[in-house]
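Just need the whole structure built from these sequences, with the hints factored in.
Keeping their order, the protein sequence lines are chains A and B. At the far end of the first sequence sits residue 587, using numbering that gives the first Met the number 0, and the numbering has no gaps. At the far end of the second sequence sits residue 183, using numbering that gives the first Met the number 0, and the numbering has no gaps.
Take these hints with a grain of salt, some might be off.
[Claimed, not checked] Calculated cross-link-like contacts (lysine to aspartate or glutamate; reagent style DMTMM-like; alpha-carbon spacing at most 25 angstroms): (1) B:Lys76 - A:Glu192; (2) B:Lys80 - A:Glu176; (3) B:Lys26 - A:Asp161; (4) B:Lys76 - A:Glu176; (5) B:Lys80 - A:Asp108; (6) B:Lys26 - A:Glu112; (7) A:Lys288 - B:Glu89; (8) B:Lys76 - A:Asp304; (9) B:Lys80 - A:Asp190; (10) B:Lys80 - A:Glu112; (11) A:Lys288 - B:Glu67; (12) B:Lys26 - A:Asp108; (13) A:Lys310 - B:Glu67; (14) B:Lys26 - A:Glu168; (15) B:Lys76 - B:Glu94; (16) A:Lys310 - B:Glu72; (17) B:Lys76 - A:Asp575; (18) B:Lys76 - A:Asp315; (19) A:Lys310 - B:Glu89; (20) B:Lys26 - A:Glu134; (21) B:Lys76 - A:Asp282; (22) B:Lys80 - A:Asp282; (23) B:Lys26 - B:Glu55; (24) B:Lys80 - A:Asp161.
Think of the hints as simulated: they come from the structure by calculation, not from any bench. Everything numeric in this text was worked out from a predicted model, so none of it was measured.
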Amino acid sequence: MKMTGAQALIKSLEMQDVEVIFGLPGGAILPAYDPILDSPIRHILVRHEQGAGHAAEGYAQVTGRPGVAMVTSGPGATNIVTPLANAAMDSVPLVVISGQVATTSIGTDAFQECAITGVTRGITKHNWLVTDPAELPRTIAAAFHVATTGRPGPVLVDVPKDVSNASMEWYWPSSLEELDLPGYHPQTAGDPELVGKAAQLILEAERPVIYAGGGILKAHASAALRELAERTGIPVVTTLMARGAFPDSHPLCLGMPGMHGNYTAVTAMQRSDLLIALGSRFDDRVTGKLSAFAPGARVIHVDIDPAELGKVRHADVAIAGDCRIVIEDLISALGRSGIGPVGSMASPGSPAASRPSQEPWMRQIRDFQERFPLTYDRDATGALKPQYVVETLRDMSPEDTIVVSGVGQHQMWASQYWRFDHPYTWVNSGGLGTMGFAVPAALGAKVGRPDKTVWAIDGDGCFQMTAQELVTASAERIPVKVAILNNAYLGMVRQWQEMFYEERYSEVYLSPDLPDYVKWAEAMGCVGLRVESPEEVAPAIDKANSIDDRPVVIDFRTDAFEKVYPMVPAGASNDDIVVGPSAGEGGR
Amino acid sequence: MTVASVAVGTDRLADRHHILSVLVENKAGVLARVASLFSQRGYNIFSLAVAPTDDERFSRITIVVDVESVPLEQITKQLDKLVNVVAITELAPEESTERELLLATLGVGAAERGQVIQLVGIFGGQIVDVGADHMTVMLAGAPGKVDDFEELVRPYGITELQRTGRVALPRIERRGPRVGVSAR
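As structure tokens, then:
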């Protein structure tokens with residue numbers, strides 16, 4: 000069947016079961032927008048290409064399916080560079096189709112020309128410039144394969160306008176061999192011998208901690224993780240990217256570690272004698288000063304990306320493989336050593352029978368939890384505490400609400416004070432720290448899971464960066480809800496200037512009412528609400544949760560002086576965690 | 000790494016430099032991907048040589064890397080993540096045959112020509128171009144030998160010099176004949 004390259008492009012997306020494209024047309028991608036009119040694929044017209052990328056990421060993070068964005072050449076493509084970098088850091092499967100000037104014009108500084116494959120080389124898992132229309136179906140199939148397998152990540156396919164317009168004979172690759180990827184072989188099964196060694200280390204450990212990262216969610220390994228934790232009785236910390244991968248209300252859940260992690264999660268890792276790192280990568284925000292991080296711990300490290308093993312911290316047992324498969328193998332290996340299902344007893348004489356008691360360790364952990372719970376000044380009069388807003392929002396929203404955040408103080412409070420009991424209910428920008436992520440990502444998440452309530456918890460600084468996507472949400476009837484924790488500052492920067500720059504506040508003040516967020520929300524077709532005191536919080540949330548036909552924005556005027564605690568200052572050891580402004584015991 | 004006494008002279012940088020033989024797809028932009036990986040991650044390249052292999056689908060990049068700052072393992076793992084990289088072989092100096100080619104134009108007139116010709120003869124090089132007061136010499140050999148040659152011709156006045164960077168292949172195992180080829 001003869002068709003144009005553009006028709007083949009859209010048909011290829013249909014073959015990949017794409018249900019939605021987030022995009023914005025322009026000259027070089029024009030040919031591809033014509034067949035969209037005849038395609039069952041929904042297209043959502045964003046107001047800025049960065050919004051398309053983050054929306055596709057939000058969609059991908061809650062559905063586990065690749066997000067797809069389509070943009071034109073030049074500025075359209077460069078506007079989506081940030082989402083590509085964001086997706087690379089957080090291992091989000093993202094497929095970006097960009098238009099390009101005609102192959103005959105490439106290299107001539109043509110109108111809206113930018114060599115985007117060069118620009119995005121280091122922030123995509125792979126990218127392609129298609130110069131032959133016959134390569135389009137194969138390239139799209141390869142792009143989805145690369146984006147979604149192994150360690151997921153972003154890919155970009157750059158399609159020159161003459162390639163879109165040219166005629167080609169339709170085909171669809173029927174096997175992986177036809178994708179022509181001779182150098183791409185992600186390894187999913189772990190080495191059984193290494194899994195056996197890992198089981199041995201677990202049997203010997205007195206103070207083990209499972210350090211669960213975003214890879215658990217990418218590998219759909221939440222159920223396996225829970226099984227492993229329950230069978231072994233080993234406590235679990237969930238990193239910023241893994242919130243929800245293990246239920247917060249589970250007795251073995253210690254919550255988030257890291258720079259703004261809670262005392263117990265941070266300190267349990269510091270004191271542990273065995274860290275079981277599953278789909279986590281020893282990020283500097285987790286380890287603090289590396290040389291002082293968990294000094295007495297042996298390390299089991301499981302990751303699908305072999306380059307993560309030993310990159311930051313030496314692993315005593317390093318297993319390259321898919322987290323779900325390796326955890327299931329590990330459960331089997333432990334079973335052979337006598338650690339069976341919950342409630343079963345280790346048979347006498349089995350290796351598990353001589354396993355050290357975990358009781359003293361758990362007693363110590365319970366002691367940490369009692370002495371240093373996550374806390375803030377709940378009795379403050381007058382001031383609206385951002386943590387109180389998050390807690391009230393949590394308690395008044397459905398338990399499986401999807402929470403999306405930007406980057407900064409509000410992100411940390413959302414991660415700390417929400418109770419994540421379900422996987423894929425937390426969407427944020429972890430590795431890259433992209434301010435402005437929340438609004439477009441929430442839009443994408445709601446498109447992916449229209450059955451769920453989606454709350455964006457955003458900062459006022461972040462909101463101003465990408466708020467225009469609420470126009471998209473209104474126009475497309477995507478009823479997301481946005482809680483702006485409006486402290487009139489670039490709050491996290493302000494916090495650092497207060498703590499580390501002698502309160503010399505440089506370029507962090509934003510004003511609480513410029514812009515007027517309620518009027519702005521209304522201008523964008525949303526319902527706008529304002530909350531200035533603690534008593535107004537619950538009624539406003541109640542009203543927002545009752546609206547399901549348009550987006551809602553609540554401008555919470557929160558205490559500008561509130562800081563995120565606990566905190567491990569940058570470059571400091573995790574042992575030097577500061578639990579609060581008036582921390583006793585030297586901050587420990 | 001053990002410093003094997005080999006006939007290539009002293010390789011002063013042997014402890015820091017490792018040779019990676021990287022088989023890549025012969026496609027547009029692949030060299031840029033490899034090169035930019037090194038610059039992005041702050042790895043140092045000492046030399047790099049690239050050419051197609053006997054199979055036109057693939058090229059071979061021979062990279063001499065400086066492993067003082069980053070462990071070689073991390074470099075190879077990151078390289079392996081590039082979709083266009085098909086295979087990576089680390090060639091330890093004692094287990095590989097390395098060669099490099101040098102071209103040098105020397106400011107040599109008739110008076111000194113004989114000395115240079117003699118030197119080139121000792122090293123097994125060639126005279127590839129001669130003018131009234133210049134001559135261009137070529138030497139292909141083990142990198143240490145090429146270093147030595149460069150030092151010895153330097154006093155004659157180098158006007159231009161170009162080295163190719165190393166290329167290398169694994170040494171042939173000196174065992175009895177056997178069927179099949181080991182997969183490298």
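Please write out, lowest number first, the hints stated earlier that are contradicted by the structure.
5, 7, 10, 17, 24
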